[in-house]
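Protein chains in written order, with our numbering: chain W, 57 to 261; chain D, 57 to 261; chain E, 57 to 261.
Bear in mind the hints are in silico, worked out from the structure with no lab data behind them.
Some hints could be false.
Intra- or inter-copy, both count: the list cannot distinguish identical chains.
[What the hints assert, rightly or not] 25 Å max Cα-Cα, derived SDA-like pairs, lysine to any residue: (1) K87 to E170; (2) K87 to H261; (3) K87 to A215; (4) K87 to P200; (5) K87 to L223; (6) K87 to V131; (7) K87 to A248; (8) K87 to A222; (9) K87 to V195; (10) K87 to A235; (11) K87 to A115; (12) K87 to D122; (13) K87 to W251; (14) K87 to G260; (15) K87 to P257; (16) K87 to S201; (17) K87 to A138; (18) K87 to L244; (19) K87 to L141; (20) K87 to H121.
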Amino acid sequence: MDLPLENLFTWLDIGGLSVFAASGALTAARKRLDFIAAWFFALITAVGGGTLRDVMIDAPVFWMHDPAPVILCGVIAALAWAVPLRWWPERALEWLDAAGLAAYSVYGAGKALEWGVSPVPAVAAGVITACIGGVIRDVTAGVPSVLLRNELYITTSLAAAAMFVALTTLGLPLPLPSAIAFASGFVLRCAAIRWRLALPPHRGH
Amino acid sequence: MDLPLENLFTWLDIGGLSVFAASGALTAARKRLDFIAAWFFALITAVGGGTLRDVMIDAPVFWMHDPAPVILCGVIAALAWAVPLRWWPERALEWLDAAGLAAYSVYGAGKALEWGVSPVPAVAAGVITACIGGVIRDVTAGVPSVLLRNELYITTSLAAAAMFVALTTLGLPLPLPSAIAFASGFVLRCAAIRWRLALPPHRGH
Amino acid sequence: MDLPLENLFTWLDIGGLSVFAASGALTAARKRLDFIAAWFFALITAVGGGTLRDVMIDAPVFWMHDPAPVILCGVIAALAWAVPLRWWPERALEWLDAAGLAAYSVYGAGKALEWGVSPVPAVAAGVITACIGGVIRDVTAGVPSVLLRNELYITTSLAAAAMFVALTTLGLPLPLPSAIAFASGFVLRCAAIRWRLALPPHRGH
Numbered sequence: 057m058d059l060p061l062e063n064l065f066t067w068l069d070i071g072g073l074s075v076f077a078a079s080g081a082l083t084a085a086r087k088r089l090d091f092i093a094a095w096f097f098a099l100i101t102a103v104g105g106g107t108l109r110d111v112m113i114d115a116p117v118f119w120m121h122d123p124a125p126v127i128l129c130g131v132i133a134a135l136a137w138a139v140p141l142r143w144w145p146e147r148a149l150e151w152l153d154a155a156g157l158a159a160y161s162v163y164g165a166g167k168a169l170e171w172g173v174s175p176v177p178a179v180a181a182g183v184i185t186a187c188i189g190g191v192i193r194d195v196t197a198g199v200p201s202v203l204l205r206n207e208l209y210i211t212t213s214l215a216a217a218a219m220f221v222a223l224t225t226l227g228l229p230l231p232l233p234s235a236i237a238f239a240s241g242f243v244l245r246c247a248a249i250r251w252r253l254a255l256p257p258h259r260g261h
Numbered sequence: 057m058d059l060p061l062e063n064l065f066t067w068l069d070i071g072g073l074s075v076f077a078a079s080g081a082l083t084a085a086r087k088r089l090d091f092i093a094a095w096f097f098a099l100i101t102a103v104g105g106g107t108l109r110d111v112m113i114d115a116p117v118f119w120m121h122d123p124a125p126v127i128l129c130g131v132i133a134a135l136a137w138a139v140p141l142r143w144w145p146e147r148a149l150e151w152l153d154a155a156g157l158a159a160y161s162v163y164g165a166g167k168a169l170e171w172g173v174s175p176v177p178a179v180a181a182g183v184i185t186a187c188i189g190g191v192i193r194d195v196t197a198g199v200p201s202v203l204l205r206n207e208l209y210i211t212t213s214l215a216a217a218a219m220f221v222a223l224t225t226l227g228l229p230l231p232l233p234s235a236i237a238f239a240s241g242f243v244l245r246c247a248a249i250r251w252r253l254a255l256p257p258h259r260g261h
Numbered sequence: 057m058d059l060p061l062e063n064l065f066t067w068l069d070i071g072g073l074s075v076f077a078a079s080g081a082l083t084a085a086r087k088r089l090d091f092i093a094a095w096f097f098a099l100i101t102a103v104g105g106g107t108l109r110d111v112m113i114d115a116p117v118f119w120m121h122d123p124a125p126v127i128l129c130g131v132i133a134a135l136a137w138a139v140p141l142r143w144w145p146e147r148a149l150e151w152l153d154a155a156g157l158a159a160y161s162v163y164g165a166g167k168a169l170e171w172g173v174s175p176v177p178a179v180a181a182g183v184i185t186a187c188i189g190g191v192i193r194d195v196t197a198g199v200p201s202v203l204l205r206n207e208l209y210i211t212t213s214l215a216a217a218a219m220f221v222a223l224t225t226l227g228l229p230l231p232l233p234s235a236i237a238f239a240s241g242f243v244l245r246c247a248a249i250r251w252r253l254a255l256p257p258h259r260g261h
């Protein structure tokens with residue numbers, strides 16, 4: 057077991073979980089729901105993607121034997137609740153979300169590979185893992201899904217997951233693929249937010 | 057095997073299933089869909105939460121080897137279809153739904169514990185089990201999710217599941233935890249409906 | 057292993073996958089999303105139902121060890137992207153979708169039976185398999201679910217799945233049940249589209 061990779065992986069997991077939990081709690085706050093609802097939205101946003109991933113790759117669902125994710129979602133919901141909404145700049149949340157998206161894409165693809173999934177499905181599993189939590193959050197809250205914004209959201213996730221799987225398959229020494237893939241995805245998404253980068257949309261006819 | 061608990065558990069399961077099936081069929085009726093759609097909405101509402109629960113705790117999905125739930129959903133959809141909508145007072149449905157919510161919260165947490173899930177995730181699994189069926193129903197039907205109403209919906213579910221797990225962990229003799237937890241959840245939700253109880257919503261800024 | 061059945065089954069699977077992938081990509085194009093989003097929508101529409109089916113019947117998820125579905129979705133998204141939207145008559149897509157619906161209903165019920173699911177749940181699993189991909193597509197894209205149209209959508213799926221399971225249980229020689237059930241479902245849905253057939257909607261009071 058390569059410890060640095062494992063450590064980086066663990067941090068990608070905890071980081072992604074925390075950021076998505078915060079985004080779920082904030083969504084509930086914006087909908088003027090109560091504190092328990094904020095915890096619930098934090099939970100389904102944070103563990104939704106990983107639950108689907110583990111079920112698809114036939115791994116035990118990661119939070120069933122570990123109270124930490126449920127409690128962490130409660131703590132983060134409490135923090136998100138306590139801090140006034142105006143202290144959360146829209147952009148800061150987007151940058152945090154960029155980190156979460158890149159982290160979950162890499163972690164999801166890596167865990168799928170670890171469980172024997174083929175490279176191409178592993179990339180797709182990483183993308184679905186990273187993107188579906190936000191979909192669950194938005195659809196349950198009745199707001200338009202983040203995927204419908206033309207701002208390299210899915211593209212970033214795909215780039216990070218594909219880069220991780222490619223570098224791992226090429227046999228790069230172990231901590232490197234996840235570090236490079238995470239950094240690429242994070243930078244790409246931040247650049248898309250900062251300079252409004254987008255792929256050309258469908259011409260519509 | 058403690059028979060009374062098993063019996064109460066079975067009733068919680070059948071009761072929750074029936075009530076959620078009725079709410080699914082009524083939602084389809086209100087959308088002026090046909091009878092087959094009413095059965096389909098009854099089915100996805102009634103078995104949706106339990107299917108997710110069983111998949112998460114790695115148990116066989118409860119209705120795969122038992123024709124009863126699918127048929128029961130058909131019978132209830134037929135009844136819901138035959139009875140004019142004006143005979144269904146809004147409030148009566150809400151009280152039935154309160155019973156279903158409490159029943160599924162307790163049953164879900166209990167089944168998770170039975171399958172070796174740790175106490176904290178077992179509570180969360182009970183809450184998700186109980187709440188997600190309604191979310192699937194509302195999102196598929198294109199109506200705002202029941203979770204967005206500030207009326208102790210998730211809170212009731214959390215109270216019932218947490219009480220059950222706490223009393224079970226404390227070692228209370230077996231039929232008691234589920235009876236007490238179900239009754240508490242049901243009474244709390246009925247009180248919330250009757251007297252418009254709610255937790256304070258987010259202050260919105 | 058009956059080879060003709062296996063072959064027909066494989067074709068039902070590939071056909072259903074392709075058609076649903078096309079419908080997902082077209083939905084993304086209509087929302088004026090970018091090409092990567094078209095691939096993502098193709099993917100979740102095409103593999104969504106089958107993933108749920110495999111998870112419910114406790115089979116390995118079909119696309120985890122096979123790169124073909126993910127790549128096929130990419131190729132179909134590219135084609136759907138390249139062809140101008142006005143070249144896709146609304147009706148042609150509906151007829152293709154009719155083929156996909158019938159194919160997935162039969163294939164889903166058949167795979168459930170193969171994995172030891174009882175006949176009644178197998179029919180329900182076939183229906184959910186065939187219908188849920190479109191629901192995932194529509195809900196994620198923020199358009200009203202196809203299930204809300206009164207045009208024998210679920211009914212067609214139920215007819216095809218039930219006919220397949222009935223004929224198989226009656227012991228008809230093997231390629232026949234899937235051929236007859238697929239043809240019945242496809243013809244019924246085409247007739248519903250062509251002549252606006254529908255079951256009576258709920259009277260609404």
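*Against the structure, test the hints numbered earlier, and report the numbers of the ones violated in rising order.*
1, 5, 8, 10, 11, 12 and 20
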